[in-house]
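Participant: Sequence:
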Amino acid sequence: MKKSLLAIVSLGLSASAVAGEAHFCGSPEVGTMEIGRQVVNDSTIFTCGGGIKGTLPELAKQGWKVVQVSDQMASSSSPDPSKSTVYSRLIIQKD
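Start counting the sequence shown at 1; every next residue gets the next number (our numbering).
A couple of the hints might just be wrong.
Unchecked claim - Each pair of labels, with its calculated beta carbon distance range:
| # | residue 1 | residue 2 | range |
| --- | --- | --- | --- |
| 1 | Lys53 | Gly20 | 34 to 40 Å |
| 2 | Pro57 | Asp95 | 16 to 22 Å |
| 3 | Val67 | Glu29 | 18 to 24 Å |
In short, the hints are calculated from the structure, not lab data.
By construction, the Cβ of each residue, glycine as well, lies at the ideal position given by its N, Cα and C atoms.
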């Protein structure tokens with residue numbers, strides 16, 4: 001019985017040791033009124049939590065998968081909407 005319990009506990013610990021990892025990433029902010037500047041492409045560098053940084057192709061080569069993409073308005077203290085900025089937000093994950 002003790003050997004079985006020890007084996008089950010060991011398996012549980014090894015599974016949690018290889019649990020997945022996920023981080024938020026953000027692109028550089030661009031002005032909402034800047035024509036053509038808000039295009040995200042393979043050259044866009046994303047800065048992520050955990051000190052991770054790179055373009056989408058670089059992140060993929062490192063084994064990261066994009067699980068969510070969204071565009072977000074950056075906070076602006078100016079009441080002038082032409083001074084607002086937006087950025088793309090990713091959630092990346094490794095299994």
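Participant: Against this structure, judge whether each hint is valid.
Facilitator: How the hints compare with the structure:
Between lysine 53 and glycine 20 the C-beta distance comes to about 20 Å, which lies outside the given range of 34 to 40 Å. Checked against the hint of 16 to 22 Å, the pair proline 57 and aspartate 95 passes, with Cβ atoms roughly 19 Å apart. Here the CB-CB span from valine 67 to glutamate 29 is close to 22 Å, well matched to the stated 18 to 24 Å.
In this structure, the one hint that does not hold is number 1.
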